[in-house]
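Student: All chains should be built: construct the whole structure from the sequences, respecting the hints.
Chains as they are written, first to last, in the numbering used here: chain S, 93 to 548; chain G, 93 to 548.
Calculated directly from the structure, the hints in this document are not laboratory data.
All figures in this text were calculated on a predicted structure; none of them were measured in a lab.
Watch out, some of these pointers could steer you wrong.
Stated by the list, open to error - Covered by chain S, per the in silico footprint, the following chain G stretches (three or more residues, Cβ under 8 angstroms):
(1) 143-154
(2) 164-170
(3) 214-222
(4) 243-249
(5) 323-336
(6) 369-379
Unchecked claim - Far from chain S by the CB rule (all over 10 angstroms, computed), these chain G residues:
(7) K136
(8) M260
(9) S319
(10) A320
(11) G391
(12) D415
(13) S427
(14) S471
(15) N475
(16) F491
(17) K529
We put the CB at the ideal spot given by N, CA and C, even for glycine.
2 protein chains.
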Amino acid sequence: MVSPTTKAMQQQDPPLQLQLSSKARRTQEQPISFLIHEALRNPKLINLAAGLVDPLTLPVAECDAITRRLFSDAARGRCALQYDATLGLLDLRRAVLKHIEKMEGIPASKMGLDENCLVVSTGSQQALFLVGEVLVDPGDIVIAANPSYFVYTGTLSSLGANVLTVPMDDDGMDVDAVERLLERLRRDGRLAKVRMVYCTSYYQNPTGLTLSAERRPRLLELVKRYSAHAGHRILILEDAAYRELRYDGPAHRSIKSYDAENRYTVISHTFSKPFAPGLKLGYSAMPPDLLHAVAQQKGNHDFGSANLTQHIALEALRDGSYDKHVIELQHAYKSKRDAMLAALRRSMPQVPGLSWMTPHGGLYVWVTLPESIDTSRGSAMFNECVQRGVLYVPGAYCFQPDEKTGRVATNHLRLSFGQVAPDQIEPGIERLAAVIKHQVAIAGRASAGAAVASAS
Amino acid sequence: MVSPTTKAMQQQDPPLQLQLSSKARRTQEQPISFLIHEALRNPKLINLAAGLVDPLTLPVAECDAITRRLFSDAARGRCALQYDATLGLLDLRRAVLKHIEKMEGIPASKMGLDENCLVVSTGSQQALFLVGEVLVDPGDIVIAANPSYFVYTGTLSSLGANVLTVPMDDDGMDVDAVERLLERLRRDGRLAKVRMVYCTSYYQNPTGLTLSAERRPRLLELVKRYSAHAGHRILILEDAAYRELRYDGPAHRSIKSYDAENRYTVISHTFSKPFAPGLKLGYSAMPPDLLHAVAQQKGNHDFGSANLTQHIALEALRDGSYDKHVIELQHAYKSKRDAMLAALRRSMPQVPGLSWMTPHGGLYVWVTLPESIDTSRGSAMFNECVQRGVLYVPGAYCFQPDEKTGRVATNHLRLSFGQVAPDQIEPGIERLAAVIKHQVAIAGRASAGAAVASAS
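Tutor: Take a look at the structure:
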């Protein structure tokens, strides 16, 4: 019942709404928000969902030494506390260019790169956002793997992109399927709408899969060929956030490294995974004309990311603490990955349709359950996990709906060995395995019941 | 001449263009870029153009002490180097809420505010961008003063906004003119398109003018009244970047402080001007429904600004170094402002039409020249200044074209006493005055010549 006072107030001041932009109306809440909420509600919960890095590995001592050095030199300290360029600190761009050369094993000149092809961003996410913003109008097509990094596919959807997908296999994104899709779009006269192919080429979030060596130059060749058909350049946006978290397997050259003239590829790296998320810095190399457009947008966003943390990142690259830290991380995460895989082998029931990937790097283990088990938020499986005190990311968030049926796969889950404490991995997997056993039993009874019902 | 090899290459690989988004095509380079270029080309040049803060005032010792404290506590150091929330560090939002209460002299509850109405952004510019992004579709109307802060009007244009302007007088934005404009839009049936009124209420960039006490609640009352006509809420976006750089005159309450239910106003503050740009942090208070939309966008942009610099800002607010630093800045800039005003009085020629504002805060002195003098980039006046080694911001950048004539005023210039060294203010103004005398003499001869020509 509305009280007379409330009613009078409503009459005085009608609850006028905001008129939000079409972009705002297209923008969804990040699905991880509710997972963070669950984790905060129950501190005893073992969080295998969070994509955070391991707090115990964070380079506190290194950053302590670096900031002491920075601020003990008044002139340098002032530089770090002043504004700097929209593209980022020039010395940092030079240092990351050298770092890229080291990772690729070839000189920057062979990739058509210099420091003016680089932009430093507020995490690599901002660079991904900016590239999308300057390329995508509503209705434009972006090609991505299914599944993909859901934060970015959400970003693309908010830009109005039509995200078309191709499957993945053990060699990463299915490049033959990309070719078939491009060819179909060409035949349908839709090639003019295609803007880019988004590809996480190393230890993909969520699957942990890596694009094979052989597919890298092939994907580049494909976008070149179909660019000629399209009459404009179709780009590859290569997300290399997890590249340096490599535990075994080969250290692949990037797709970008094959693009000798720097015309068809963008590569985005971050300081968050291999060093410290708190600096919130990423760096991306891209063709000059794209960089020009990105820099103009970034001028409107913030005219440059935090300068102080750029000076810290620069010093970490210069004094060797960055390289040293990456090696420490590789050891620490490798042993956590091994612990998670061992726990999965020990605890998981042996049922048809249950399997998981073995990642050679990154932070994630991707688990596939029998199709009868729904892992979505609010499902019996999800709720039982929350009750038993273990959290995962429902796989459905990582899929785009099927173009024809509108459906997404609901029988996957993403586990992370990133943030969880080493001694919590085994109990976490045990809790998860117990729930899966229970849910498999329920599904078995239900299908037996259905069989009885249909037989009767 | 094209060599055969080049020609062959071109045939193999036609120079395909990028297909940029409509937003990218609307986005212009920030006009200050070329000023930065000029300044770098000639280090002897006295830069009265740069809106940078004074490097000598930057809080190096304070940040040194704070980072030592942060990193000597391993647990706290890890927090600062990890990810945090998209809206910003909760403790920082609580601390800035208290700071807002202190500035306003009233409790947050009387403004309908709590820490969940606040977002921490990558400088206040990012907050201004996000508010524009979630409110403005191409063709929507934003009302601003003429002149206004050109970076933001450029941002609005890139969003496709139709920026309609009202003049300013000694009391700041002409609120009567806002009313006439809103009334005209209502009569023309265009009120549905109006999204917000952008107002720099303290020591505006570029004019130094402050919105008078009397106009603050009036502007709020106006948007409320016309919101009811429009059928949606029209917001005030209050840019308070320079608020704490107050040298004399009253410390006004914000427009926001009159909005008891937190429904019609956004206020954006920054750490850049009153503390250190290198932290690249701003904080904005806004209605909950707008905040929700802004947070979702920010989730796509970067899911949170640099966490380390947020911890530094938090400590500066907590340990009193922020407040102490603001008082030091007020003294330092006041004496630089006084030096600039004294130099102008001493050096400027006494000619009709030449005048300047006396700002009570901020970093800028706005100079009006006789209409016969063009101050634009590439003008005789501008080029002579560069030759003589002094740089200003052409006033034309700060104006929107007149709705009817499409013209902008070209006889103003913005001077800044921000970055320039104290002992460079007088010689800088002397160089500028010499150029103005010369240009006035040339204009006088030209008009005398024209008079002779028209008489003959």
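Student: Next, verify each hint and record whether it holds.
Tutor: Quick rundown of the hints versus the structure:
| no. | hint | verdict |
| --- | --- | --- |
| 1 | 143-154 | holds (count 8) |
| 2 | 164-170 | holds (count 4) |
| 3 | 214-222 | holds (count 5) |
| 4 | 243-249 | holds (count 3) |
| 5 | 323-336 | holds (count 4) |
| 6 | 369-379 | holds (count 6) |
| 7 | K136 | holds (19 angstroms) |
| 8 | M260 | holds (24 angstroms) |
| 9 | S319 | violated (5 angstroms) |
| 10 | A320 | violated (7 angstroms) |
| 11 | G391 | violated (5 angstroms) |
| 12 | D415 | holds (18 angstroms) |
| 13 | S427 | holds (19 angstroms) |
| 14 | S471 | holds (24 angstroms) |
| 15 | N475 | holds (25 angstroms) |
| 16 | F491 | holds (19 angstroms) |
| 17 | K529 | holds (33 angstroms) |
Checked against the numbered hints listed earlier, the structure breaks hints 9, 10 and 11; every other hint is satisfied.
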